[in-house]
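With the sequences and hints as input, model every part of the structure.
Letter by letter, the chains look like this.
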Amino acid sequence: MTVPALTLHPRVTASTQDLPDDRDLASRALAGDTRSFEVLFERHAGRVYALCVRMAGDRQRAQELAHDALVRAWERLGSYKGEAAFGTWLHRLTVNVVLESARSQRRREARVALAEDDDADVGGAPELAPSDVGDRIDLERAIAKLPRNARQVFVLHDVEGFRHDEIADRMAIAPGTVRAHLHRARKLLIAWLDR
Amino acid sequence: MTHPELEQLNDLVDGRLAPAARHDVEAHLASCRACRDEVDALRATVAAAAALPSSLPVPDGLWDDVRATIDARRVVALPRAPRAARTFSTRTLAIAATALVMASSGLTAFVLRGRGSSPAPVEGVTLLPASWRATESGYIESVDALRAQLDAQRAQLDTATIAAVERALATIDAAIVEARAALERDPANAALTDLLASNYRQKVELLRRATQLASIT
Amino acid sequence: MKSLHFLIAAAVVCSTTALAAQQKVDRRHAVTRDVYVRINGAFASLRVTAWDRDSMALVGDVPKGTRIDGGASEPPSKGVKYYLEAPAGTQAAGRLELFVPAGATVWAKAANATMEVSGVTGGLDLNIIGGRIAVNGTPRELNVESMDGAVTVTGSPGWMRVKTASGNIVVNGGSPDAGLTTVSGTITAQGGDYERARIESVTGNVVFGGLLRRAGSLTIDSHSGTIDLALPVKASLDIEATTIAGSIINNVTSRRPTPGREGRGEELSLGLGIGDARATLRSFKGNIRLLRSDVSPNKPG
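Chains as they are written, first to last, in the numbering used here: chain A, 542 to 736; chain B, 340 to 556; chain C, 703 to 1003.
I should point out that these hints are in silico values taken from the structure, not numbers from a laboratory. Among the hints, erroneous ones may be present.
[To be verified] Output of the computed footprint for chain C on chain B, the stretches with three or more beta carbons under 8 Å from beta carbons of chain C:
#1 502 to 513
#2 517 to 523
#3 529 to 539
All figures in this text were calculated on a predicted structure; none of them were measured in a lab. The beta-carbon is built from N, C-alpha and C at its ideal position, and this holds for glycine as well.
As structure tokens, then:
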């Protein structure tokens, strides 16, 4: 018996070479296939999470942000046209989710304290134990302790490679402010890490 | 030349100094050890940041949570259940139900019947941390949506299957009630938060599977 | 004598009636080596066997009146799909055998059925409510969902997810990426290497006797089940065990657990060897036991 127009559920896996590429997976996911989206998740969630951890400076919060970004990616798959790499598209979407959340948090805080003091959340030097942790871990911890705006500018510029004007645009702050935050972040990191 | 401003050294490292200014700063660096060290430290920091791994290990359960939210929203978006209306009504019901339950302390009986949502966070009543409350309301949203879908399919399932699903749900709900009460007593307990989240994941997952059984019974 | 003839005649009639109540199934198709086969509906048993041919066969007996829909796309088929519907008012009773190329992906779903799979190296997606599932071999990807049915896996799937409500789960072998979940069934993972394993139960007991690869991770969460972690002599891993109300029993080193937060439950942190893998064990009110296993000490922990 032959059934000509038989369509089957596409089957995907994350661990072999003859895999569908991200664009195929994205279009299957757009059609409602969560397994394809799971493969995209397996490929890209680590990067999304890393960005969220560094931007948020808090793992619990980072997990929530990564969740929100990935759910939004699923909901907005229709806006991914395939002209850029999927990873790039997802990365930019994640930056937006993180910055939007930071903005609404600032608004909430502004209602409580009229004069927002970005320095308020600067603690002392983070507790580092150079004897048993590597430099990289030290740097991750130190980044987490930076004041929020300085941390976000530093991560976007020095870790993620965004330009000053892009950061100013996305964070809705003046380019001069970006420069000041970046400078402050580096100064604090150098002091804490005793470079 | 006097020592350049630290901002200028930053701009130098970023290649953002105008040629004339850059010439001045570089000339100064040639003769000033302190400023050279400063620039070296800046470069080392920038290089270390750029060398951080672009990816970190994803926390356990992240996919399950993303999947649960996706499933729940997909259910809510079904044609005969307008999204805005359904979202509003389930959330309102959940809060109303929880307020009622908490007031009457009939929580266990209520949840064990397996007919309602799990305890929803109510502002000013619960002592749970804000980050957990956000996570929990996500689970509850998923549970409510899947539960509504399951109830709509009830007629298609045989009684033995319904009994099996309800038995499992009752087991999970009893665990949720117990773990949640413990978390209220000790809100900062991370292990407890993870255990409670694990119970919720089980519930969402079981409901998701149950909604897919209608096609085979 | 007449009555004997009558009895014999009656017996013959009865047995032909019983035979007539069955219908033979024999469907054969030329397929690709990575064919995707989907079979769904009314059958009581399905045995899937991998063979070394560019074809597949579905053979067996089903009750008369069973409707079989579906079929294959243009040969050699990349996809074959069957849907079986039992005659109205009857229980599913068909017994089927499916032969597929080893690289096939098989998706099978039935209400109450025994499913036995052997030798498939492609993908498996098996779903039952009650009955039993047994997988032998090493599929690249294995997804099993069952409510009450027990699940046994013998082999080392590249990626494995097994979820049950009350069905017991037994895995003999390991996996680079394993997720085992049950509400009230037991979970037993014996032998084999694991790279990343996540095990969750609500009330079911868990026994883990597998080996963790270097930099591997194991998480076991249970609400009220007992968690047993069996460790080889040369295990090299960091263990964090926490209970909220249960006890921790350490039969591996002399370290004793400390009382948990606010004096409830217990906690135990343990570093074995150079600690290049990590295990996190958490139970709300079940006990956690660290035991010595009799696994060969030559294998890395």
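Problem set entry | Non-conforming hints, listed in increasing numerical order | none
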